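What follows is each chain in one-letter form.
4 protein chains.
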Amino acid sequence: MWKEDNNHLVRIFEFKDFISAFSFMTRVAITAEKMDHHPDMRNVYNKVYLHLYSHDAGDTITERDRKLAEAIDELI
Amino acid sequence: MWKEDNNHLVRIFEFKDFISAFSFMTRVAITAEKMDHHPDMRNVYNKVYLHLYSHDAGDTITERDRKLAEAIDELI
Amino acid sequence: MWKEDNNHLVRIFEFKDFISAFSFMTRVAITAEKMDHHPDMRNVYNKVYLHLYSHDAGDTITERDRKLAEAIDELI
Amino acid sequence: MWKEDNNHLVRIFEFKDFISAFSFMTRVAITAEKMDHHPDMRNVYNKVYLHLYSHDAGDTITERDRKLAEAIDELI
Numbered sequence: 001m002w003k004e005d006n007n008h009l010v011r012i013f014e015f016k017d018f019i020s021a022f023s024f025m026t027r028v029a030i031t032a033e034k035m036d037h038h039p040d041m042r043n044v045y046n047k048v049y050l051h052l053y054s055h056d057a058g059d060t061i062t063e064r065d066r067k068l069a070e071a072i073d074e075l076i
Numbered sequence: 001m002w003k004e005d006n007n008h009l010v011r012i013f014e015f016k017d018f019i020s021a022f023s024f025m026t027r028v029a030i031t032a033e034k035m036d037h038h039p040d041m042r043n044v045y046n047k048v049y050l051h052l053y054s055h056d057a058g059d060t061i062t063e064r065d066r067k068l069a070e071a072i073d074e075l076i
Numbered sequence: 001m002w003k004e005d006n007n008h009l010v011r012i013f014e015f016k017d018f019i020s021a022f023s024f025m026t027r028v029a030i031t032a033e034k035m036d037h038h039p040d041m042r043n044v045y046n047k048v049y050l051h052l053y054s055h056d057a058g059d060t061i062t063e064r065d066r067k068l069a070e071a072i073d074e075l076i
Numbered sequence: 001m002w003k004e005d006n007n008h009l010v011r012i013f014e015f016k017d018f019i020s021a022f023s024f025m026t027r028v029a030i031t032a033e034k035m036d037h038h039p040d041m042r043n044v045y046n047k048v049y050l051h052l053y054s055h056d057a058g059d060t061i062t063e064r065d066r067k068l069a070e071a072i073d074e075l076i
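Chains as they are written, first to last, in my numbering: chain A, 1 to 76; chain B, 1 to 76; chain C, 1 to 76; chain D, 1 to 76.
Any given hint could be a false lead.
Pairs count within a copy or across copies, as identical chains cannot be separated in the list.
[To be verified] Using 25 Å as the maximum straight-line C-alpha spacing, the simulated PhoX-like pairs for lysine-lysine come out as follows:
id : residue 1 : residue 2
1  : Lys34     : Lys67
2  : Lys34     : Lys16
3  : Lys3      : Lys16
4  : Lys34     : Lys47
5  : Lys3      : Lys34
6  : Lys47     : Lys67
7  : Lys67     : Lys3
To be clear, the hints were calculated from the coordinates, so they are not data collected in a lab.
Just so we're clear, the structure is a prediction, and the values are computed from it rather than from any experiment.
Next comes chain A alone, as it looks inside the complex:
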């Protein structure tokens, strides 16, 4: 479900409503802070757009992004 797009690991999540979408973002936020690696995340109502890339590696995908993607998949 994750796609590589312009050197970012990208996935779009759709939920039934805003509350469910923001609840997912809260799980992502806690997980990201724990892993000390944070996504670029955007929310529009029931949709959450995640872009994973490593700023300190020139905004490209690294092993840290792949690990974060796996951890996020556990949160759905």
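Once you've looked at the hints, dock chains B, C and D against the given chain A.
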């Protein structure tokens, strides 16, 4: 699943971990603020204890508590 | 501090760290759901980018966006 | 401000409203999960009651609780 205990509407929720428990609390928080009626909520790791009662009705159960309980049941 | 950009009401918020940024997003989320009008919000580490516009008015700025902007200003 | 009460490290926080209280709980939640040590936290409208103790040390106060208390003090 909700029980009446000492004039409170009470329910205990158990989740697989802390992140899931807090994510549920976030959904409850948004819902409660929207309904302008807030639960007494306690969290210990993966457990969430909710007590619903109406402060302005002498800490007893009112229709507002029953409506909040129904709304919370939709969030699980 | 809010600017009009391409028919969106836009403001960027910068915080000391991710936890502070996400905590602000939580306040925005609760407020938005209460007002039944939601922002387009993006988070990159300690920054939060908010775009306010009304989807049902052709993605342009309406009175609802101005009211949401005022409510968000109270949350900082 | 923290007090020892019945082998718990206890502190009560009061905020201007529910949104501010829950926003603080979100910061505490992220911090706690990061430190892998979680508080017993209760929320009633604008108040947050934190009890820190170590379950695996017989529900008494340990160094982990003192470290968590210090980290929480940074979040206010």
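Here is what the structure says about each hint:
1. Proximity of Lys34 to Lys67 under the C-alpha cut-off of 25 Å is found in both arrangements, the shortest distances being 12 Å within a copy and 17 Å between copies.
2. Within a single copy, Lys34 and Lys16 get their C-alpha atoms only as close as 27 Å, which misses the 25 Å cut-off; across copies the closest is 17 Å, which meets it.
3. For a Cα distance limit of 25 Å, the shortest separation of Lys3 from Lys16 inside one copy, 23 Å, qualifies, whereas the shortest one across copies, 29 Å, does not.
4. In the homo-oligomer, the alpha carbons of Lys34 and Lys47 lie at most 25 Å apart both inside one protomer (23 Å) and across protomers (18 Å), since each shortest distance falls under that limit.
5. Taking the shortest Cα distances, Lys3 and Lys34 sit within 25 Å of each other inside one copy (24 Å), while across copies they are farther apart (28 Å).
6. In this homomeric assembly, Lys47 and Lys67 come within 25 Å of each other (Cα to Cα) both inside a single copy, at 22 Å, and across copies, at 23 Å.
7. For the homomeric pair Lys67 and Lys3, the shortest alpha-carbon distance inside one copy (15 Å) is at most 25 Å, but the shortest distance between copies (37 Å) is not.
The earlier numbered hints are all upheld by this structure, with none contradicted.
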